[in-house]
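S.K.: One letter stands for each residue in the lines below.
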Amino acid sequence: AQSVTQLGSHVSVSEGALVLLRCNYSSSVPPYLFWYVQYPNQGLQLLLKYTSAATLVKGINGFEAEFKKSETSFHLTKPSAHMRDAAEYFCAVSDPWQAGTALIFGKGTTLSVSS
Amino acid sequence: EAGVAQSPRYKIIEKRQSVAFWCNPISGHATLYWYQQILGQGPKLLIQFQNNGVVDDSQLPKDRFSAERLKGVDSTLKIQPAKLEDSAVYLCASSLIGTNTEAFFGQGTRLTVV
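First to last, the sequence lines map onto chains Z and C. Counting with my numbering, you get residues 1 to 115 for the letters of the first sequence. Counting with my numbering, you get residues 1001 to 1114 for the letters of the second sequence.
No lab work stands behind these hints, which were simulated from the structure alone. Hints are supplied without guarantee of correctness; some may be wrong.
Straight line, CA to CA, 27 Å or less: simulated DSSO-like cross-link-like pairs of lysine-lysine [as the list claims (entries may be wrong)]:
hint, chain 1, residue 1, chain 2, residue 2
1, C, K1011, Z, K58
2, Z, K69, C, K1044
3, Z, K107, C, K1078
4, C, K1011, Z, K107
5, Z, K69, Z, K58
6, C, K1083, Z, K107
7, C, K1044, Z, K49
8, C, K1071, Z, K107
In isolation and in its complexed conformation, chain Z is listed as follows:
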């Protein structure tokens, strides 16, 4: 069964600092991978997705993620944090060989940004 592990339930950075949120997947074949962001009292919004094309994926709000098969990782980064980036971030995986399978989410990482 597929799964994702997000290392670190809480990450704190200063405004302007690098953001690094970690995600590792467990799958026998490279899956499709997604990062979603959730602001307080809101639903989930897609930041970016990997679907076996370019391994470096650029998303919205300046975020990007790199798929590394050798490390089974899909870490999310942003060069310079902004106060508005404070939110909950979820990594998710889906099976590329079964059309329409639901996303399986990690437990999430709360990002705090201080001024």
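Chain C: place on chain Z using the hints.
M.R.: Quick look at chain C alone, frame taken from chain Z:
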């Protein structure tokens, strides 16, 4: 384009009462999902529909939870009777059919069982 609509936004009920949530997906999206998000955890799939048929309900507690999607559009999720551990945010999402299509989420319904 209108997003996924859910109602109500908040609901407080006593244990053993029943409750229902409603979801209207994005027009044209054949796939609809209900997720349960307990505080501090990631969303967990409860049930997935494709049109009006159930694709996956393996994690739905069928002794108390039920869901339907009549006519392949709107969906309702019901809990009867509710337990304290059902307190969570219930998220509805929809997507087109495909292997790498994005799921669009509604704002969710926050259920508190007291």
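S.K.: Hint by hint, note whether the structure agrees.
M.R.: Going through the hints against the structure:
1. C:K1011 <-> Z:K58: violated, 38 Å
2. Z:K69 <-> C:K1044: holds, 25 Å
3. Z:K107 <-> C:K1078: holds, 25 Å
4. C:K1011 <-> Z:K107: holds, 24 Å
5. Z:K69 <-> Z:K58: holds, 18 Å
6. C:K1083 <-> Z:K107: holds, 23 Å
7. C:K1044 <-> Z:K49: holds, 19 Å
8. C:K1071 <-> Z:K107: violated, 34 Å
The structure does not agree with the numbered hints 1, 8 stated previously, though it agrees with the rest.
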